[in-house]
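S.K.: Going line by line, the protein sequences match chains W and V. Quick note: the first sequence, position 225, residue 225 per the numbering used here, numbers continuous. Quick note: the second sequence, position 124, residue 124 per the numbering used here, numbers continuous.
Hints may be right or wrong, so weigh each one.
What the hints assert, rightly or not - Here are the computed distance ranges between Cβ atoms for each label pair:
id: 1; chain 1: V; residue 1: ASP141; chain 2: W; residue 2: SER284; range: 56 to 62 Å
id: 2; chain 1: W; residue 1: ARG65; chain 2: V; residue 2: HIS77; range: 25 to 31 Å
id: 3; chain 1: V; residue 1: SER103; chain 2: W; residue 2: ASP99; range: 45 to 51 Å
id: 4; chain 1: V; residue 1: THR150; chain 2: W; residue 2: ARG51; range: 31 to 37 Å
id: 5; chain 1: W; residue 1: GLY20; chain 2: V; residue 2: THR150; range: 44 to 50 Å
id: 6; chain 1: W; residue 1: ALA188; chain 2: V; residue 2: GLU15; range: 55 to 61 Å
id: 7; chain 1: W; residue 1: ASN83; chain 2: V; residue 2: ASP69; range: 28 to 34 Å
id: 8; chain 1: W; residue 1: HIS132; chain 2: V; residue 2: ALA151; range: 29 to 35 Å
id: 9; chain 1: W; residue 1: ASP165; chain 2: V; residue 2: ASP70; range: 38 to 44 Å
id: 10; chain 1: W; residue 1: GLY20; chain 2: V; residue 2: HIS77; range: 24 to 30 Å
id: 11; chain 1: W; residue 1: ARG42; chain 2: V; residue 2: GLN154; range: 30 to 36 Å
id: 12; chain 1: V; residue 1: GLU152; chain 2: W; residue 2: ASP24; range: 31 to 37 Å
id: 13; chain 1: W; residue 1: LEU98; chain 2: V; residue 2: ASP69; range: 34 to 40 Å
id: 14; chain 1: V; residue 1: GLY118; chain 2: W; residue 2: THR210; range: 51 to 57 Å
Claimed, not checked - Calculated lysine-lysine pairs in the BS3-like style (CA-CA distance at most 30 Å, straight line):
id: 15; chain 1: W; residue 1: LYS46; chain 2: V; residue 2: LYS44
id: 16; chain 1: V; residue 1: LYS28; chain 2: W; residue 2: LYS45
id: 17; chain 1: W; residue 1: LYS224; chain 2: W; residue 2: LYS262
id: 18; chain 1: V; residue 1: LYS44; chain 2: V; residue 2: LYS168
id: 19; chain 1: W; residue 1: LYS160; chain 2: W; residue 2: LYS224
id: 20; chain 1: V; residue 1: LYS44; chain 2: W; residue 2: LYS45
id: 21; chain 1: W; residue 1: LYS160; chain 2: W; residue 2: LYS46
id: 22; chain 1: W; residue 1: LYS265; chain 2: W; residue 2: LYS160
id: 23; chain 1: W; residue 1: LYS75; chain 2: W; residue 2: LYS22
What the hints assert, rightly or not - Not the full set, but computed from the structure, chain W residues with beta-carbon under 8 Å of chain V:
id: 24; residue: HIS32
id: 25; residue: SER310
id: 26; residue: MET311
id: 27; residue: GLY314
id: 28; residue: SER315
id: 29; residue: SER317
If you are wondering where the hints come from, they were derived from the structure by calculation, not from laboratory data. Note that CB positions come from ideal geometry on N, CA and C, so glycine has one too.
If you want the building blocks of each chain, they are given just below.
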Amino acid sequence: MTNNQLTESGRLKHFLTIEGLKRDLLTDIMDHAEQFSSLSGRQVKKVPLLRGKTIMNLFFENSTRTRTTFELAAKRLSADVLNLNINTSATSKGESLLDTLHNLQAMHADMFVVRHNKSGAAEFIAQHVAPHVSVINAGDGCHAHPTQAMLDMFTIRRHKQHFPDLCVAIVGDVLHSRVARSQIQALATLGVGEVRIIGPQTLLPADSQTLGVHVYHDMEKGLKDVDVIITLRLQIERMQGALLPSPQEYYESYGLTEEKLKLAKPDAIVMHPGPINRGVEIASSIADGPQSVILEQVTHGIAVRMAVMSMVLGSQSEQQDDST
Amino acid sequence: MTVVITEINIQQTLESMAAEIRQTLAGKQPLLIGVHSGGVWIAKELAKILGSEFFDGNLGTLNIAYYRDDFTRIGMHPQVTPSDLPFSVEDRHLLLIDDVLYSGRTIRAALNEIFDYGRPASVTLAVLIERNGRELPIQADIIGHTLELTAEQQVKLCNTNGLQLELKIKEVQHD
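My request is simple: use the sequences and hints to build the entire structure.
M.R.: Okay, here's the thing in structure tokens:
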């Protein structure tokens, strides 16, 4: 993909995918997020950076964590934010997606945060919005979920100093996971030493080899000496056909149990993008245990989304300069 | 063109500022807050002279990047250290410190940020250099030196080999 998410001078105009972004830009996002997370200790947790901007959350697919953290991030930046649940609104009355968009644009939206069950939806919208409008991808089909990947990178950086020294294992339903796809790209861009994907053949992508990852079908081998374990949710809703025997059997082979966790480094951290299926992807004792950083991921989601939103809307200044 | 201003002895100036601060804020146990980055250098120097028994506790630092009024013109600023106020400002007397007071916009932003931490009893402003060119109704209470400069002249505090003041004269742009 050519990088139509960047301005001519390389600033972030839209945030659609990690693919094609440089390491410096990913590091910038994390550095800004680091500053924004320092706000949580204050009496007033808001800053006036995006005052007067209007941000519309367009969720064509359900979400709790992502939508609420995007909403909170926008509010902490003092933007006005609207949540549109598209399934129950105009499109169900037959209005086309572009008509809906043009109507929202006519209300002077500055940014759309888009979640859609079709891959490429956010990019499609980015191609059709007015030049002063930015688009952030909050998850499109099985394609990408770049802000989730960045909050995961931020969480890893908070615990582990140096990306090149790390071995990261992503466990489970990589095939249907836009999170995993974006994570793999981000980990590679940040120069992580080794990325492993672990899962049954039916849940790993056929092109695994081209992703630059090491493929394991066996947890015992795959988890050996890793620094970070990312467990993924089984995306039952996206599965077509019999890809899985049963949740119980899956847990026995690929669920993260205390016993399997011992194979990783003693200071390994355990992550999960949520929502968790306890006793399917991960044992409850681990999800709530000392090595779990799952709730930290949620907290960091706010700061990382603040960073991305302010960088994206900040790049609009350049466009205004160009036009005058 | 850049020249170093040698006529101003920074150490002496700081000592006389400290004397004035002692008088103005006697018995008020003020909290010191420096504005990044020049204001923080000045605040550290003043803290040394004033002594911890006078200002009671740690030094706060403010990074006003999120409170600037030029976001829609230039976007996000490059990375700077985040604000750090390691104390509650609620009902306390604050001494806000910056290196140069010029347009007043930085101090406007700093005051806004301070009030997001709480409601101080008072804020006193101390600056090393006060120059002409105010764009907002903001004045300093304690002033090291006053300079009359033209719009092309810019004064900046540098901290490479100790603190020194640099006077920069902007080239006139011909478009």
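S.K.: Is the Cα-Cα distance between LYS44/V and LYS168/V 30 Å or less?
M.R.: holds (25 Å)
S.K.: Starting from the hint 31 to 37 Å, judge whether the C-beta atoms of THR150/V and ARG51/W obey it.
M.R.: Since the Cβ atoms of THR150/V and ARG51/W sit about 34 Å apart, the hinted range of 31 to 37 Å holds.
S.K.: Between LYS46/W and LYS44/V, does the CA-CA distance stay at or below 30 Å?
M.R.: holds (28 Å)
S.K.: Tell me if SER315/W is really an interface residue toward chain V, meaning its C-beta lies closer than 8 Å to one of theirs.
M.R.: Where the cut-off is 8 Å and the nearest Cβ of chain V is about 6 Å from SER315/W, the hint holds.
S.K.: Does the Cβ pair HIS132/W, ALA151/V satisfy 29 to 35 Å?
M.R.: holds (32 Å)
S.K.: Does the hinted range 31 to 37 Å hold for GLU152/V and ASP24/W at CB?
M.R.: holds (34 Å)
S.K.: Check the following: the C-beta atoms of SER103/V and ASP99/W are separated by a distance inside 45 to 51 Å.
M.R.: Check passed, 46 Å falls within 45 to 51 Å.
S.K.: Please verify whether LYS28/V and LYS45/W have alpha carbons no more than 30 Å apart.
M.R.: holds (28 Å)
S.K.: State, for the Cβ atoms of ARG42/W and GLN154/V, whether the hinted interval 30 to 36 Å holds or is violated.
M.R.: holds (32 Å)
S.K.: Does the nearest C-beta of chain V fall within a distance shorter than 8 Å of the C-beta of SER310/W?
M.R.: holds (6 Å)
S.K.: Holds or violated: the hint that SER317/W contacts chain V, with Cβ atoms closer than 8 Å.
M.R.: With a closest approach of 4 Å, the SER317/W hint holds.
S.K.: If I claimed the Cβ atoms of LEU98/W and ASP69/V lie 34 to 40 Å apart, would that claim hold in this structure?
M.R.: holds (36 Å)
Figure legend: structure checked against the earlier numbered hints; every hint is met.
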